[in-house]
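S.K.: Sequence:
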Amino acid sequence: MSTIVSVGNNTKAREAFTERGSPMYNEEPETNTISEADGKIYPLWARCAAEFLGVMMFVFVGSCQGLTTYDGVLHAALTHGFCIFVNVATFAHISGAHVNPAVTVGIAAARKISPVEALFYIISQMCGAVVGGLWVRSVLSYPQYVAIQGGATLCAPQTAWYQGLIAEALCTYFLMQTIFMTAVDGTTVLAPLAIGSTVLMDIMAAGAISGASMNPARSFGPNIVASIFMHDKLAANFWTLHWIYYVGPILGALIAAGVYKMLFSKDDRLEWKK
Numbered sequence: 013m014s015t016i017v018s019v020g021n022n023t024k025a026r027e028a029f030t031e032r033g034s035p036m037y038n039e040e041p042e043t044n045t046i047s048e049a050d051g052k053i054y055p056l057w058a059r060c061a062a063e064f065l066g067v068m069m070f071v072f073v074g075s076c077q078g079l080t081t082y083d084g085v086l087h088a089a090l091t092h093g094f095c096i097f098v099n100v101a102t103f104a105h106i107s108g109a110h111v112n113p114a115v116t117v118g119i120a121a122a123r124k125i126s127p128v129e130a131l132f133y134i135i136s137q138m139c140g141a142v143v144g145g146l147w148v149r150s151v152l153s154y155p156q157y158v159a160i161q162g163g164a165t166l167c168a169p170q171t172a173w174y175q176g177l178i179a180e181a182l183c184t185y186f187l188m189q190t191i192f193m194t195a196v197d198g199t200t201v202l203a204p205l206a207i208g209s210t211v212l213m214d215i216m217a218a219g220a221i222s223g224a225s226m227n228p229a230r231s232f233g234p235n236i237v238a239s240i241f242m243h244d245k246l247a248a249n250f251w252t253l254h255w256i257y258y259v260g261p262i263l264g265a266l267i268a269a270g271v272y273k274m275l276f277s278k279d280d281r282l283e284w285k286k
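The numbering of the sequence shown is the numbering used here, which starts it at 13 and goes up by one.
Calculated directly from the structure, the hints in this document are not laboratory data.
One or more of the hints may lead you astray.
[Unchecked claim] For each label pair, taking beta carbons as the anchor points, the in silico distance ranges come out as:
id	residue 1	residue 2	range
1	K52	V85	34 to 42 Å
2	A248	A220	16 to 24 Å
3	V128	A168	34 to 42 Å
4	I240	G84	34 to 42 Å
5	S239	I135	16 to 24 Å
6	V151	M274	24 to 32 Å
7	K52	F241	35 to 43 Å
8	L202	D244	22 to 30 Å
9	W255	A217	27 to 35 Å
10	K273	W57	25 to 33 Å
11	Y174	V201	35 to 43 Å
12	F276	S153	47 to 55 Å
Computed from a predicted model, the values in this text were never measured in an experiment.
Note that CB positions come from ideal geometry on N, CA and C, so glycine has one too.
Put together the whole structure using the sequences plus the hints.
M.R.: The following block contains the structure:
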């Protein structure tokens, strides 16, 4: 869940940042990103740190909110949506605030970042997810931790594998479509709100089906940590269909990238020959 451009108001910097030849938009990106707001160049390690911290916060907040019994899906949707809004507004000018390996795969498939950058982003995101899961365990009592199953994303018991897979792929497609149209090709200051609202909308729609993870890191970190600290208290379906949280989001992101390149990209849309 993420964006590629920041939301500052410096018009000259924005034009430089969104030009075809700029580092983030070049088909062979450099290892630095230029902040739209102040022209500062951020090295790859700083961008990876932003991704690490963004995912760590997302996993911590998203997991701990599970303690409440108030209107479960709505509460989860609002919490995750607002957290993505904050993440995008905070880190977009540094790393693009992907905060999601599936989003990074989609952005790389659209040739907006290099495969090497994408790999480092994903490693940082997965590490941040594990650390976020560890923070969850550190602040909760053991009964509380067991009650939320460590913050794991679980399919509803009646959900078939194909239903969960479709839900994850479709929700991620909607998310990536919003990212491409408001952040990659757009310069709207409402991009963080649009992206966060899409996450909220997706969870409201599919939270009761697959959990609406849309994020391999969000599903990876809590499951790994919970398996260490409560291996004898795991729910019967703890690892059931866990693979859909990797295949579904990545599939949805790749489809969104393909649609974007074929139909909607401003500067490098595929040309259809008659």
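S.K.: Take the hints in turn and mark each one as holding or not.
M.R.: Each hint, compared with the structure:
no.: 1; hint: K52 / V85: 34 to 42 Å; result: holds, 40 Å
no.: 2; hint: A248 / A220: 16 to 24 Å; result: holds, 18 Å
no.: 3; hint: V128 / A168: 34 to 42 Å; result: holds, 39 Å
no.: 4; hint: I240 / G84: 34 to 42 Å; result: violated, 26 Å
no.: 5; hint: S239 / I135: 16 to 24 Å; result: holds, 20 Å
no.: 6; hint: V151 / M274: 24 to 32 Å; result: violated, 46 Å
no.: 7; hint: K52 / F241: 35 to 43 Å; result: holds, 40 Å
no.: 8; hint: L202 / D244: 22 to 30 Å; result: violated, 47 Å
no.: 9; hint: W255 / A217: 27 to 35 Å; result: violated, 21 Å
no.: 10; hint: K273 / W57: 25 to 33 Å; result: holds, 30 Å
no.: 11; hint: Y174 / V201: 35 to 43 Å; result: holds, 39 Å
no.: 12; hint: F276 / S153: 47 to 55 Å; result: holds, 49 Å
Hint compliance for this structure: hints 4, 6, 8, 9 are not met, and every other hint is.
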